[in-house]
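**Student:** One-letter residues, chain by chain:
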Amino acid sequence: MKPNLFVKVAGVTLTNPVIAASGCYGFGDDYTDLYPPNVLGGVSCKGTTLEPRDGNPTPRIAETHGGILNSVGLQNYGVDKFAADFVPKLKAQGCVVIANIAGSTLEDYAEAVSRLDGTDVDLIELNISCPNVKQGGAAFGVTAEGAALVTKAVRAVTKKPIMVKLTPNVTDIVSIAKAVEAEGADALSLINTLLGMRIDINTRRPVLKNNVGGLSGAAVFPVALRMVWQVANAVDIDVVGLGGISSASDAIEMMLAGAKAVQVGTAIISDPFAPLKIIGGISEYMRVNKIKNLTEIIGKVKPW
Amino acid sequence: MYKCGSYPVTDKTAISGGIFSANILCPDIAAMAKPGQFAHIKLEGFTLRRPISICGIDRVNGTIRIVFEVRGAGTAKLSHINTGDNLDLLAPLGNGFTLPELAENERAIFVGGGIGVPPLLAAAAVYREQATAILGFRSYDKIILANDFRSIGAEVFTCTDDGSVGMKGQVTVQLKDLLQKGGVGRVFACGPLAMLTTVSQITESFGVPTEVSLEERMGCGVGACAVCACKANKDGKAFMARVCKDGPVFGVKNGEFVALDKEGV
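First to last, the protein sequences are chains C and L.
In short: position in the first sequence from 1, add 12, done, that's my numbering.
In short: position in the second sequence from 1, add 1, done, that's my numbering.
Be a bit skeptical, because a hint or two may be false.
Unchecked claim - Under the rule of at most 25 angstroms between Cα atoms (straight-line distance), these lysine to any residue pairs were calculated in the SDA-like manner:
id, chain 1, residue 1, chain 2, residue 2
1, L, 43, C, 100
2, L, 43, C, 172
3, C, 14, C, 301
4, L, 238, C, 64
5, C, 172, C, 198
6, C, 172, C, 76
7, L, 246, C, 100
8, L, 254, C, 69
9, C, 101, L, 4
10, C, 172, C, 105
11, C, 221, L, 28
12, C, 302, C, 315
13, L, 235, C, 90
14, C, 289, L, 2
15, C, 93, C, 118
16, C, 93, C, 76
17, C, 221, L, 2
18, C, 314, C, 212
19, L, 246, C, 285
20, C, 172, C, 191
21, L, 13, L, 28
22, L, 78, C, 212
23, C, 289, C, 238
24, C, 93, L, 236
25, L, 246, C, 71
As the list claims (entries may be wrong) - Just so you have them, the derived chain L footprint on chain C, three or more residues with Cβ under 8 angstroms:
id, stretch
26, 31 to 44
27, 57 to 67
28, 168 to 181
29, 239 to 249
Everything labelled a hint here was simulated from the structure, so no lab data went into it.
All C-beta atoms in this analysis are idealised placements derived from N, C-alpha and C, irrespective of residue type, glycine included.
I would like the entire structure built from these sequences, with the hints used as guidance.
**Tutor:** What follows is the structure, encoded as structure tokens:
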């Protein structure tokens with residue numbers, strides 16, 4: 013019997029639990045030479061702000077052991093172009109579309125999200141955690157009060173489900189998760205990148221022009237897994253796990269820790285087929301272990 | 002269109018100090034590849050792929066040639082490949098040179114600096130006897146591909162920073178000289194940004210259409226991650242171009258890089 017990979021996140025049905033993470037899969041049209049985006053559970057689009065942004069100066073990427081640092085800094089086309097051009101294209105292909113929205117002020121967030129209300133976007137992912145720009149929302153994301161304010165402001169202007177993307181660069185992620193839940197968020201996604209740095213020892217200059225950037229890739233997976241486990245145990249809303257997932261077993265660990273779905277980002281940059289391999293591997297794990305439905309593994313870790 | 006897969010290396014040689022040449026059997030990629038495009042190569046133990054320009058395309062034998070310099074741990078790893086090993090390629094990527102047909106009495110000039118030389122060879126092969134290559138290197142031991150350019154019929158000028166071989170000094174001096182003589186239909190350039198900027202200023206002053214190939218640290222290579230950005234112009238409007246997808250080849254207009262459409266500048 014073919015395993016059932018369907019999951020529901022914030023009321024939205026996904027055909028499988030593997031979502032392309034924001035920033036690593038553009039708007040779903042860069043990898044179509046290899047496979048169509050609709051084979052994924054969903055597409056979280058490139059972080060978008062109210063107005064277009066140029067992003068940070070280059071170089072914006074550096075390699076690390078088991079990962080990468082990036083400092084793209086929210087380069088994007090602005091929410092209006094996103095809504096007019098990219099959303100219809102993805103919806104026409106039958107994709108679950110997740111809009112990743114960032115901003116500098118509460119008004120920016122609310123205005124950008126309200127401009128998506130008439131669109132077919134399935135889910136709003138509030139990016140309050142971009143570490144690469146002062147105006148990227150991370151200032152909101154690092155305190156429970158700030159995170160709650162953004163969630164409240166956006167909740168007031170949209171009926172679409174809201175998923176708040178949390179930063180790991182905090183002392184107590186659980187208190188932030190709870191504050192966001194209390195203001196009406198429908199789901200949480202975590203983790204965004206960990207703030208990091210590399211220095212060229214010959215030039216004595218940071219490798220990134222922005223000096224610091226966000227660490228992602230396999231190296232961050234255990235940190236992400238721990239945070240997902242802590243948060244999933246503390247809230248009642250859905251949790252989507254991400255951070256360094258590069259194999260089916262990583263994805264299954266995330267689900268055992270409590271994630272209803274996962275996002276795959278940096279692994280796509282390394283291997284564009286990574287999401288498909290992960291979907292196939294989850295299916296195989298379910299077949300071998302006679303699991304009919306993913307609810308049988310979600311949150312089913314047996315802690316000591 | 003591009004492909005992603007594992008392809009065997011048919012040969013590898015060191016062609017200069019720390020610079021290697023390899024041929025890879027990939028008929029589907031060779032059939033699609035255009036001069037100026039690149040291959041994004043995955044190496045065991047590294048998260049990021051390495052973008053390496055395509056130096057030669059052999060459709061008959063179904064191979065592409067890459068020439069690369071060891072610059073860090075990734076390219077060092079790449080230099081350890083041997084005949085028969087498989088390489089994980091994402092290719093061909095980016096926009097190539099437009100390579101328009103020139104009038105019979107016109108020449109195409111290829112200006113290359115250091116490891117910027119390889120992608121020009123594939124492009125010069127299209128023009129054969131109509132091609133002139135001005136190749137600049139730090140010193141005699143860094144010279145690459147000069148004989149390859151000669152063997153496809155191109156006229157070759159070699160410059161070295163220290164004067165150890167050829168003209169002492171910069172490729173741009175030679176370029177100016179040739180442009181003054183006239184009859185140049187198009188200039189193609191690849192090398193350090195400072196060289197490309199000077200080349201563009203000179204060719205613009207002579208009104209000769211120019212295409213440059215840019216380098217930038219890359220992520221995905223296909224336009225999805227917006228890491229390799231550069232300011233450019235499209236239809237008279239400034240925009241943040243993705244070097245991997247909107248380039249790496251750009252035209253030059255009024256001192257700015259412009260995205261090339263299919264017809265070219």
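**Student:** Hints the structure violates: just list their numbers, smallest first.
**Tutor:** 1, 2, 6, 11, 16, 17, 18, 28, 29
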